[in-house]
Amino acid sequence: MQSFPLLSVMAFFPLLGIPVILLLPQSKASYAKWLGLVFTLPSLALGVVLYGSYNRELAGVFDPASFQFIERVPWIKTFNIEYFVGIDGLSVMMVLLTVLLCTLCMVASFSIKQSPKGYFSLFLLLETGMLGVFISLDFVLFYVFWEVMLLPMYFLIGVWGGPRRVYAAIKFFLYTLLGSVLMLVAMLAFYYQAEPHTFDLIRLIQSDFSGVTFDMFGRVWDFSRVMFLLLFIGFAVKVPIFPFHTWLPDAHVEAPTAISVILAGVLLKMGTYGLMRISYPILPESAIWFSGALAVLALINIVYGALCAMAQQDLKKMVAYSSISHMGFVLLGMSALTETGMNGAILQMFNHGTITAMLFLLVGVVYERAHHRNIDGFGGLAANMPVYAAFTGFAWFAALGLPSLSSFISELMCLLGAFNAYRTITIISASGILLGAAYMLWSYQRIFLGPLNERYRGLADISTREVLSLIPLAAIVILVGIYPMPVISLMQASSRALVNLTTLGV
Amino acid sequence: MAHLAWLIVLLPLFSSACLAGFGKRVYRRFGKKGVDVLGVGSIGTSFLLAACLLAYVLSLDPDKRSIPSALWSWFPLEGKMLDVSLLVDPLSAAMALMVAGVGFLIHAYSTGYMDKDPGYPRYFSCMNLFMFAMLTLVFADNLVLFFLGWEGVGLCSYLLIGFWFSDVEKARAGMKAFIVNRIGDLGFLLGLYLLFWLYASSPTMPFAMPELRADLSPLLETGFLGQNWATWVTLCFFIGATGKSAQIPLYVWLPDAMAGPTPVSALIHAATMVTAGVYMIARLSFVFVHAPFTLGVVATIGATTALFAATIGLCQKDIKKVLAYSTVSQLGYMFLAMGVGAFVSGFFHLLTHAFFKSCLFLGAGSVIHGMHGEQNMDLMGGLRKKMPVTCATFVLAALAISGFPLFSGFFSKDEILFASLSSPLGGPVLWAVGLFTALLTAFYMFRLVFLTFFGESRTPDAIKGHIHESPGAMTVPLVVLSILSVLGGVLNLPELFALSGGLARFLSPVVAEFPGFSHALHESSHLEVPLMGVSSGVALLGIALAYVFYLRAPGLPYLFGYFLRPVYNLLWNKYYVDEIYESAFINPLLQTSRFSAKADLVVIDGAVNGSALMTRETSRIAGLYDLWFVDGLVNAAAEGTLRLGRWLRSFQTGAIQNYLSYAVGGALLVFWLLWALVNRTV
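Protein sequence lines correspond, in order, to chains B and G. The first sequence runs 637 to 1142 under the working numbering. The second sequence runs 37 to 718 under the working numbering.
For reference, chain G alone in the conformation it holds in the complex (with noise of 0.2 Å):
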């Protein structure tokens, strides 16, 4: 049954494959239905069977519901073998179920908002290429596959950000990204490679997660500057997650990956693959509980981020730039929960991100496809009539993500600055700072809503006319997730309700526990009621203060935009991060590179041809005393021949009588010349 895992993984890769082959004739020939049941039935196919997966696992004991289902060898490191496995356990059963289930809704959505795009089967194919990777991501069972996945999402992120690659800008956000995220992914690899080297003398495959947690005796020894093992692997693991999960310093391609179609922002980088950084540090919680240094880092940045992008968010112009950034910000969340312990409680904002996030991602998508492709919030407003299904799906979504009461958001939340003020690796001031956001996320959220769909229109006549609700294909995956949002608060319900702790239940064989970290959270949790009144009272006042800002007094953005014109320059200029790195970071690496290739050019192929040209002139001169001085002999020598048979030639007269006086002459000479001879021998 665990084989099913293989299945879900490898539908996608299939009608990909098949799309990239074929997509453009099955195109031609059958038309976008034929496309959309390859592109769309494989996710539904993998949606259906996740579906079943989990529910085999759920009619597992719980003690028993890992397992690994390995296919092949992959390749052996110093005599141990990796093999090709999946795993499947609770986390991972949920996690895919989450995956193919939105991923599902959003592949449907597409084929409304993707329509007549000529590059329809390519875009189905990248979708379908994504699912894969995610999904590989998933259920790995070793590191490195898990990296297959994790650059595999890459890729497609990078494909699909770029999908109209015409446009200049649209391609470079594809390249920023994948580039930024190939920055973490060192970090991730050196974490590879110091797992190797701790294990080499152990008889432990250190990338196969299983052995891993089996055997974790050389991450604790004490390594580098009095830090255990554990501690620099999973920092160097948490570098990876900064760059594909967005976090501070490695947060800034995300933003510019909403060039991407919309549908891709909802499933890339709004649900799935920037989560894979905490669904990693989920997946791994057994090393990270041993690195409480580690997790610290988690925290701060987490907690970080998440008020950074808020603020960025504050007064974005661009409705999607507004959830990347709040989606860079909820991230920070996540990392929040993860870094003071609360694994279960950040896993489950993950869910129930995955749904509100993707719901406003979509609704937004949706406006931009009524507005025709228009994504300016100050040329919105009034939407509501127009697109009723959207205004109301987007509302509650907000609402979840705000953290209105009794909605999705609220319960995920709540657990997280609960466990943030209660964990013993948290504290009053991440408490704090995850309380504020919450304020400036009912805020900016709300910002959004009455900025689009409420008060008057501020479109042009021009578009004005052709607003118009999306079709089903649209709104009925909204719809859905709206209804997720909502209700999403039911997996895993605090102490106070029935059926509470659902999820923390289920996970607990495979997340780790910090030590004393339950015990701590018993202890406060008088204090679980009071804060829940306190958040809920943030997120209304958040909603209240978007209300009076932007429909009851829409002059006051403008006159705090006035007296707070540097901090709010400081803002619209998002910090200048991007022009910060550009200066710091990529340009000394293009002037590097320049000198390089002209040091290679100027001083290496130089010497090369120096010594060739010295070789040259050498060769030169000893030609020249070749010349004058050797030959000067041996043409001396020629022209002495020359001249001597030119001497003898006057003897040649042809006249007999000279021929025999020369022949007289010898016969005498030679007769002298024996007589004297003889005379002397004598």
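Bound conformation, chain B alone (with noise of 0.2 Å):
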């Protein structure tokens, strides 16, 4: 096993595909989302080995010994830049969400028409892209995938989009690349600082950079201090966390379905693990000292996300607000820095990720078969698209926490990890999930009860196809919800280890 580089193949066997997609004859251009499925499958099988072979009881994290399906190869000699690639707990759950929710929204996107050929590459290296973030080791490589990744997300926006495409384009790639250039600061000042130099991530952790000051416009600045504020903006655009978040509502609104749901499934949990796998760990000082302000904008999150969700008209975008408050948990639950918090807020990043997708697949179902979202514009759809009324509930109740499903389970350890650690801040979060129910249920009741809009006594019940990238997902919320043990020991490991490497530094 060890000799087979299965993460390099499963990140870059969608690029395959691509030459392929582009080489059909315009004529035969129909085919390209089958292609696109077909290169996406090895993925996803390589990804059940992974789940089957991976060694539950390494942590990783800042012991190279312990990650696992490890790969390295120098790559740029002079800059000591390689190409390192390895996972542990961590990022083995997001890398499994990705490689399912791409086989998901592949299904989920064969109804696209304009233009396949290309829509369906840019998937595929989206694809790469996010793989490859999840499985970097290595600074630069990590900063390479990360712009990958969003140079396809622009153009699916972009192109694929909504009437305001262009705008909520624009919008994300901006946003996203300002952080960028804030993380690229902090990159190459770490390199500069640690000794030798170096973009080894584990190397880096290694280092100690508590205590290094520099001068700048006259006045010393802690290093560390600075360069986990440059991170964090950068990775808060992604998470989002408020107030980097304005781009999400639009850019979902306008993205095709299966692009909002790898936007909100896969890219928003790359800014929880980048704190996770390069701030916290690099420099758990400063994690420490900002956890409190973290907790505080966790908070603010869960809250004024919920609340923004309540007030919005528009489906989709309502479904964006309720994802900026549910990520909300997992910053509060890293920013306790428990053993509990960590674990529910690793928990929190998987269950999100399957969860909104099915909101996010839910609500592409009515908007193409009514072409708009506006959610006091249906009303009663449960009498003649019952099949759909059901799903629609699941995943709504789902999303708001109700017992024996997924996220009921993160949410608790977030919240009880984060009550050890602060009292008032965990008990007004909480209240999120009152909120939660609030506009889930007011929502509901507004799209699928009531007497029937006669206007849509003609819609089409959810298709067989429809369903297909549904139930996937559905059965992991429930399997998840009743008996997550074995999800959470895959990560159990790696998360008791960063939480004591960031608040004991070993």
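Just so you know, these hints were derived from the structure itself, not from any lab. Be aware that a few hints might be false.
No farther apart than 25 Å at their CA atoms in a straight line, the calculated lysine to any residue pairs in the SDA-like style are these [as the list claims (entries may be wrong)]: (1) 60/G / 1094/B; (2) 634/G / 1064/B; (3) 60/G / 1081/B; (4) 152/G / 1023/B; (5) 634/G / 1008/B; (6) 357/G / 200/G; (7) 60/G / 1008/B; (8) 116/G / 200/G; (9) 116/G / 690/B.
Got two chains here, separate frames each, mind docking them using the hints?
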């Protein structure tokens, strides 16, 4: 197993599909979707292999020996840049989530009619970029993938999006680029500060940056604090953390359904993943110093996101704001720096990925039929779309954290972990659970219940293809809700190591 | 044998899932019967198994009757593992038998009541899911699993209240129920957070109830505001109970919940789910006994709610609304019992109430069924002749709830009144409130009986001819429940009788005792007989008053209504509590939410767009500068080159003579330059 470069194959296999799709004659352009699916499936299969052969005892995080599926090749020797990939408990869930969602989104994209060749090529490129981010253990490599991913996303929103797609795409691009630039600065600063100069994330973790200062603008700055802040803004844009969040509703609303799913399901997690992979372990002392502020921001995300969600008229925008609220729980769990909180945060990343994917897919279903998403513009749809109403009800209750479904466990873990560190903040944050129930049920009532809106009497119920892309997600949501240990055991050792590293320095 | 509990819990889940997935197909292929086999059969089997389980528990030694049954590890919390585990003990076995038994009867009744409803399979799927969640709650061994059942019943309540979802009012009522319950659930969750935090440094997993019971020390330490932590934790849990069990201030959802089909009201909103809060206190009595302050709060809220809801019940016209307020009131009674430390009496009342109140609801359902959906009592009267079985069973259950001597409610209510007077936590005020509520209860129940079944018929002729007795599927459960309502008292007879205190002895290994409780009750045992007399008298007085008001002198209520107009209005409008909540909480919340969204759009996104605009403007100015100045220079250079070229072009004449002369001239110039250079160096 060691000799087979599983991670590289998984990450780069989708790229092979791009020339094949582009070589399709225009008359056969409709085969692009099948090719897209075909070139995604091997990564999913490798994901299953990865899940089966991943050793749950090994922690990774800061110990190069306990990373798994490592591949290490020198790349640019002058600067000690390596092609260095490997996974541990922090990333394995994200890798699995990515391959799963990419496959399902390929299926969900089958209805794309406009230049399918371009769409599916870009989608495959996007998949490579995302997987690359999660497996990179070299900062430059991480950065490269981070940027690679941006490009297809920009076009996917900007070309295949809704009416305001260009505005949304540019906003998304510039916002993320702003974050990347700050990250680039931090990356270079780390490189020059570390002795010997390196971009190797694990060596950077082993370097001690505490107490280092530098002069600028006529005063002395703490290196670690400034770097944490630079990285934080870079990652905060992705999460997104208040007040860097306003690109999200626009991007979500304009993006085509499958891209919204990827955006919310995978891309948002890169922010919190970056904090866990880079900021926390490299700058533990600053992580502790900033943790209170992080918890406050998490609280704002949760409550403010939920309040904004409640007021939305556009269903997709409501779901977008609910993402902001739910990602707040991830941040809250992390900021607590307890094992339970960290486990909860990672699990919540995974659960939010699956649940929000369902939410966006479901919004897409009704949008394709009714061609609008105005919550008040429907009414009584449960009468003629019972299966759709049932699936939506399920997803809605999953999103509001019904016990026995997956997000209940992760939210509970985040809140329990956080309560040990921040009493008041956690109590106020918990009100997000109530607000979540309120906006979810209220929107459900306005769309599905009450007398049937006669305009939509003819609407067809959800199709088999659409159900097929939902069922795996629903199964995961239930399974993780009642028997989450197979998933929690993947990350437990790593999150414990991360918390210990941050709080105790071991 | 304890694993039997799993079967009891999971059977309804299985049938619910089957019906959710294939219910419609089964319905089309096999008709109603197919759905009944799954939906009612599973509950019937659960009921038989629950009976076996109780028999098994009874067969064990009293001190070995607590048997956990873990299936798998759920999730770890700070290194301590939480299991998915059930606990079979006397309390859970007794409760489960009641839930499954009453549940089975109501399911059987539903086959008649919901007959011809197009959502028949969906109905039974939801009902079965409810049974699963309720039984999970009953058997849960840890508080998180308990919470799973707790919210699960809330979900099913939501689904069933809004069962006829095309009616937007019904859908709203379901939503209201879920959200109000969630407010309480936040309290419950806060209790969990507190427990987890208190036990952070202890190896005990505080959510596992047996473990918690074995190590209460962190809870007994003094915490916030001089109260011990047990007080705070129990207060949090009690907030949860006020939501689920419809107590002040969170009772408002229950009357609206009557929008669901009537058997749902009987099962969920009378017999089982709403008593979950009471059950929770009995379950956690070992913590509550260390929190006298909380118990005081529980008793006060319970007594207040009992009285408050009973007064509203006095003048409602909708037959189900009366029963709903009566349920709120009786739940208050149970909390009064819990609050004065009479945990067994509270649980006893929970059981008897389950019998007579579900009988009353099902009776009301039978009336509504017979009246073709009419619920207004003003349009009833004299139904006794047309619906004799319904009438007889209803009267028996009404006698039971009113505390008519020797009926089940008489014993359970009497125990509560006795304890509320003589317990160290009780007092004459609580007793007086309880007694007065008993009077009101007897009055409004018989107001309902007389208005519905006796007197002259006030039904419009259009419906009148069609009124009929309900089918056997509905009347048989009524008869069984009415028998239970009459005889249920034998479960826990007072000391005067043979076979006394059965339930109390059975539950004693589980239910903790407040220090000095039984001693104080023993001390005042001489009061028991006189108190019984008083409460019997009160019950009879209430019935008699109702007789006078609504049969002998039907003008009296109008007279009272006329002279006590403000009071009547206040009661009729339910003290305007819904309106107050609307303006005090809901509207401000909606305003805040709209304000946030607006601020997000204008302020934060405005800043983003503003900075984009600024960047664009800056770059435009830079562009203009570039165009006029930098590019101007470039263009000037280009222009110069162009002109130079144009000038040079004039030399390109094409005439060979000109070229030759340029060449000669050039050569001469070169020679001259060379000559000058040589001369200079020399």
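Against the structure, the hints:
1. Distance restraint check for residue 60/G and residue 1094/B: the Cα-Cα separation of roughly 21 Å lies within the 25 Å cut-off, and the hinted pair is therefore satisfied.
2. Straight-line distance between C-alpha atoms of residue 634/G and residue 1064/B comes to about 22 Å, which keeps the hinted pair within the 25 Å bound.
3. About 23 Å separates the Cα atoms of residue 60/G and residue 1081/B, which keeps this hinted pair within 25 Å; it holds.
4. As the CA atoms of residue 152/G and residue 1023/B are separated by approximately 21 Å, the hinted pair is consistent with the 25 Å bound.
5. About 22 Å separates the Cα atoms of residue 634/G and residue 1008/B, which keeps this hinted pair within 25 Å; it holds.
6. With a CA separation close to 18 Å, the supplied pair residue 357/G and residue 200/G stays within the 25 Å bound.
7. Under the criterion of a C-alpha separation no larger than 25 Å, the hint pairing residue 60/G with residue 1008/B is inconsistent with the structure, at around 31 Å.
8. Using a Cα cut-off of 25 Å, the hinted pair residue 116/G and residue 200/G is violated, with the two alpha carbons roughly 44 Å apart.
9. Restraint check for residue 116/G and residue 690/B: satisfied, since their Cα atoms lie roughly 23 Å apart, inside the 25 Å limit.
Consistency note: the structure conflicts with the earlier hints numbered 7 and 8.
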